[in-house]
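Asker: Next come the chains, spelled out residue by residue.
There are 2 protein chains.
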Amino acid sequence: MGRIFEGSQKLMSLITANTMHHFFWQSLLTEENCFQSTESFFEWFSHKKTHYHFSVQRIPFSSLSQWLFDESTQNLRHSSGRFFSIEGIRVHTNFGPVHTWDQPIINQPEIGILGIITRMINGVLYFLMQAKMEPGNVNLLQLSPTVQATKSNFTQVHGGKLPHYLEYFIDRKKSRFLIDVLQSEQGGRFLQKRNRNMIVLVDHDLEIHDDFCWLTLGQIKKLLQYDNFVNMDARSVLSCIPLPSSYTGLVDAQKTILDSADINHYNHFSKSLCESLLCPEQQACYTLYEILSWFTELKTKYQINVQRIPLKEVKGWKRTDTEICHEKYPFFSVIAVSVEAGTREVFSWTQPLLMEHQQGLLGFLTKKINGVLHFLMQAKAEPGNRDGIEIAPTVSCSAAAFKLQRNDIIPFLDFFLNAPPERIHCDTVQSEEGGRFYHFLNRNMVIELDESTPLELPENYIWMTLGQIIELIKHGYMNIDTRTLCACLGLKR
Amino acid sequence: MGRIFEGSQKLMSLITANTMHHFFWQSLLTEENCFQSTESFFEWFSHKKTHYHFSVQRIPFSSLSQWLFDESTQNLRHSSGRFFSIEGIRVHTNFGPVHTWDQPIINQPEIGILGIITRMINGVLYFLMQAKMEPGNVNLLQLSPTVQATKSNFTQVHGGKLPHYLEYFIDRKKSRFLIDVLQSEQGGRFLQKRNRNMIVLVDHDLEIHDDFCWLTLGQIKKLLQYDNFVNMDARSVLSCIPLPSSYTGLVDAQKTILDSADINHYNHFSKSLCESLLCPEQQACYTLYEILSWFTELKTKYQINVQRIPLKEVKGWKRTDTEICHEKYPFFSVIAVSVEAGTREVFSWTQPLLMEHQQGLLGFLTKKINGVLHFLMQAKAEPGNRDGIEIAPTVSCSAAAFKLQRNDIIPFLDFFLNAPPERIHCDTVQSEEGGRFYHFLNRNMVIELDESTPLELPENYIWMTLGQIIELIKHGYMNIDTRTLCACLGLKR
Chain A
14 MGRIFEGSQK LMSLITANTM HHFFWQSLLT EENCFQSTES FFEWFSHKKT
64 HYHFSVQRIP FSSLSQWLFD ESTQNLRHSS GRFFSIEGIR VHTNFGPVHT
114 WDQPIINQPE IGILGIITRM INGVLYFLMQ AKMEPGNVNL LQLSPTVQAT
164 KSNFTQVHGG KLPHYLEYFI DRKKSRFLID VLQSEQGGRF LQKRNRNMIV
214 LVDHDLEIHD DFCWLTLGQI KKLLQYDNFV NMDARSVLSC IPLPSSYTGL
264 VDAQKTILDS ADINHYNHFS KSLCESLLCP EQQACYTLYE ILSWFTELKT
314 KYQINVQRIP LKEVKGWKRT DTEICHEKYP FFSVIAVSVE AGTREVFSWT
364 QPLLMEHQQG LLGFLTKKIN GVLHFLMQAK AEPGNRDGIE IAPTVSCSAA
414 AFKLQRNDII PFLDFFLNAP PERIHCDTVQ SEEGGRFYHF LNRNMVIELD
464 ESTPLELPEN YIWMTLGQII ELIKHGYMNI DTRTLCACLG LKR
Chain B
14 MGRIFEGSQK LMSLITANTM HHFFWQSLLT EENCFQSTES FFEWFSHKKT
64 HYHFSVQRIP FSSLSQWLFD ESTQNLRHSS GRFFSIEGIR VHTNFGPVHT
114 WDQPIINQPE IGILGIITRM INGVLYFLMQ AKMEPGNVNL LQLSPTVQAT
164 KSNFTQVHGG KLPHYLEYFI DRKKSRFLID VLQSEQGGRF LQKRNRNMIV
214 LVDHDLEIHD DFCWLTLGQI KKLLQYDNFV NMDARSVLSC IPLPSSYTGL
264 VDAQKTILDS ADINHYNHFS KSLCESLLCP EQQACYTLYE ILSWFTELKT
314 KYQINVQRIP LKEVKGWKRT DTEICHEKYP FFSVIAVSVE AGTREVFSWT
364 QPLLMEHQQG LLGFLTKKIN GVLHFLMQAK AEPGNRDGIE IAPTVSCSAA
414 AFKLQRNDII PFLDFFLNAP PERIHCDTVQ SEEGGRFYHF LNRNMVIELD
464 ESTPLELPEN YIWMTLGQII ELIKHGYMNI DTRTLCACLG LKR
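Sequence order for the protein chains is A and B. Final position of the first sequence in my numbering is 506; the numbers increase by one with none missing. Final position of the second sequence in my numbering is 506; the numbers increase by one with none missing.
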């Protein structure tokens, strides 16, 4: 057979196509940990926080070291030409209320790796997670994937060490690649950025470095109920996990799960989530082909043309000594920071970050249709998307307070702002990527409407089951906002 | 529910998610036609051929009417700025043996519609096909989808009539959209061109215009055994048909098909095709997630950078009075033709076309692995692809004779050139799109290797089942060459 998989024959026998979904599911149901309880994990994590030296200070652009405004374009870039740069784009679109604008955007054309190592220990799948500092995090330290590596990282542009465990995501002889898909990042902030989202399986003892620990999926889901605890990259990878659904073709496995007594330990909404995952296509509001047709029509109808322009030509934005910001509105700013971090050895560097001025809101509106929980999804054009339109949650809105104040029309936002507590099934604040964003927080909400609530849907909204959402994540249809919200969905007792 | 589907409630009850695959399958098995036998269809088609006036003449560029070489770029474009233009690209890539080149390319940034109307008649699904003249066809008239419409067509830039039946592909109240997916065209000739490939269902009598007729899928598959009979657009749409597979989750339907006595009427290779379609994932060489991982790794490893340049700056190509061609090699040329066509009313126009100088070869190498027929597929970077790499058949090679003569290394080509007759399961010559290409022919071959034949695979090749290929067509991974070959696969008694 193909050479690329030859090294992993032994690993292939551990988890087969048929059982992969099942082992992820079992780990989801497991909150017990043979290494450490969730309590001792918290102690370990707090200890990291207090014993590390971290400091992030805003600085003027002129204090940036090795970063400069390019003479001819005024683009903000690294002197090596690597890492990322802040450039300009001019957008023309027939989608949405605003048809043309300029804005700064992050250009980082490389595909990085976001990866989690898993291992079967006593029949349960464990995930190797990392306590990682990133300068843009409000709380600096968050739970992160095993590896977050840009190409500049692993080609060692900065001359530093290779990230721990990177080899398991590069060498197929060392692990089995269970999940390995390209996923986008924020299309409003990144120009066509994508990362490999990977979960790999190893079958032997690993040296566990400082800052790393094994957790079950059930434990991680519990941590996702806390604000700003599990970082964006981890959430993105976790959202790619293929739980059993009607699209996996594993009918027996599905039945086992639905019939299992375990499910009865969980609350009503958790049961609805399971049903929405396993719902056969004929009970869903639309078939997958109907959803693809809805998406195809919108892609045909709406264009978003993005022209790269020098940052100096971006209209409506201004640059001061300390930030690049919009002249009128509290959209994001480009700022600069200096960072110090370390324990024994202290590293320091400076870099630009994108700062958000207000919290955003990401929300799934859910409702039972024909007895099955459906999620209201939105096709949304954003300039950094590789193909114009991706699928976003019901509400996906940055600087929400300002937009409300300006009386922008944000469909379905009211349902979230006025939701009675008993209809709110998830409500946490989560951080976007702290390596590029400074204090970029989104409130993540999932609310359930009464079955009888009538809704008028604009053409770019459609109902999907959870099984359909996860199937479409596999092929890259879902934007980062959808994926981060999916990661937050967990089973609660 | 969503407004977009409201009009089609009645149609939804005709064919459900559960039964759509089944009805396509039944039509595939049906060669009887309640309107006309295949024989009388041939008579009808020959009659069209002899009673239409067609004439296509090569002309010098200077005789083109309404087409001109743009003064500043020398791009060849329509005076309206619509339709398509011939421009230049400069390519840099780390994929394949040639790392940089210039070439002309067709730029047609609109999404067109390629669509077939279907109807259930006496329990069998019929396809409304069209006998359509296109200037680049070797035989002028070929069997085409119900509708082939560019956006310029249906926005009536040319001031002509709307194409017949177009409304059924635009107005969801008039039909049910069964299949509706975006698919690419030749990435070596078109810059990011895509079309909506659609199959819609109507539930009432239609006026059948001249040049249109109803055929079953079984009949169309039979016509695909003839050279240059079913055009490229029809083949592309037909390849999107979702036959029952392990990815449709329709276990009962699958069993019905495999157990059905019908299958026993077909030859050995046809049975192998059915098994490859229905093969459960655990019997396939690789799971779909493993295939996605292979694809993700190649996308990460290989880049193809395409810079649009004025045609006048394309190096290595020259323009004469009658063609734009490569200075040394028999790659394609850009030529101009004048066309006359019609019966009572005669239309005439002039247009550019891309001419191929030699026949190409598209081939699937197949082999049983673990008792299941697998297809050897290739990840291939072409400059016109929207995302660099798409999945091509084992061999996908234009100007095959020239490349052999030049001693180019074309993996697996020898298997096709030296295949013993009993190993050849498909061998026809098919035409690429006659609206843009002049006499662009590809030999389409499917051969089966002995199970014991050892093969060393380069990293960008992988084995897939037919079920996996069709599942990936759904999401746009497969290039036009793969799709055209898939369309040619049929069941033979």
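Derived from the structure by calculation, the hints contain no laboratory data. Remember, it's a predicted structure, so these values are computed and weren't measured experimentally. Misleading hints may appear alongside valid ones.
[Said to hold, decoys possible] Straight-line Cα separation of at most 16 Å, EDC-like style, residue types lysine to aspartate or glutamate; simulated pairs:
1. K505/B x D440/B
2. K505/B x E435/B
3. K314/A x D184/A
4. K62/A x E353/A
5. K235/B x E45/B
6. K186/A x E84/B
7. K235/B x E52/B
8. K505/A x D440/A
9. K314/A x E123/B
10. K186/A x E288/B
11. K164/A x E123/A
12. K325/B x E84/B
13. K314/B x E123/A
14. K505/B x E288/B
15. K61/A x E358/A
16. K312/A x E123/B
17. K380/A x E310/A
18. K312/B x E123/A
19. K164/B x E310/A
20. K505/A x E435/A
21. K186/B x E310/A
22. K314/B x E123/B
23. K235/A x E52/A
24. K314/B x D115/A
25. K380/B x E435/B
26. K331/A x D463/A
27. K186/B x E472/A
28. K314/A x D184/B
29. K164/A x E52/B
30. K381/A x E472/A
Asker: Can you confirm whether the C-alpha distance between K314/A and D184/B stays at or below 16 Å?
Answerer: Given pair K314/A, D184/B holds - Cα atoms ~13 Å apart, limit 16 Å.
Asker: Quickly compare the C-alpha distance for K186/B and E310/A to 16 Å and report which way the hint goes.
Answerer: 14 Å, holds
Asker: Against the 16 Å threshold, does the CA-CA distance of K505/B and E435/B hold or violate the hint?
Answerer: Satisfied, since the Cα-Cα distance of roughly 14 Å is no more than 16 Å.
Asker: CA of K505/A to CA of D440/A, is that 16 Å or under?
Answerer: Between K505/A and D440/A the Cα gap is close to 14 Å, so the pair holds against 16 Å.
Asker: Would the pair K164/A and E123/A pass a check requiring their Cα atoms to be no farther apart than 16 Å?
Answerer: OK: K164/A and E123/A at ~6 Å, within 16 Å.
Asker: Sort out whether E310/A lies within 16 Å of K380/A, counting only the CA atoms.
Answerer: Violated. K380/A to E310/A sits at ~25 Å, over the 16 Å cutoff.
Asker: Check the hint pairing K314/A with D184/A against an upper bound of 16 Å on the C-alpha distance.
Answerer: 43 Å, violated
Asker: Given the proposed pairing of K186/A with E288/B, does the C-alpha separation stay at or below 16 Å?
Answerer: 31 Å, violated
Asker: Quick one, are K505/B and E288/B close enough, alpha carbons at most 16 Å?
Answerer: Distance of about 15 Å is within 16 Å: holds.
Asker: Quickly compare the C-alpha distance for K164/B and E310/A to 16 Å and report which way the hint goes.
Answerer: Distance of about 13 Å is within 16 Å: holds.
Asker: For the pair supplied as a hint, K331/A and D463/A, is the alpha-carbon distance within the 16 Å limit?
Answerer: 47 Å, violated
Asker: Are K381/A and E472/A close enough, with their CA atoms no more than 16 Å apart?
Answerer: 20 Å, violated
When held up to the earlier numbered hints, the structure conflicts with 3, 6, 10, 17, 22, 24, 26, 29, 30 and fits the remainder.
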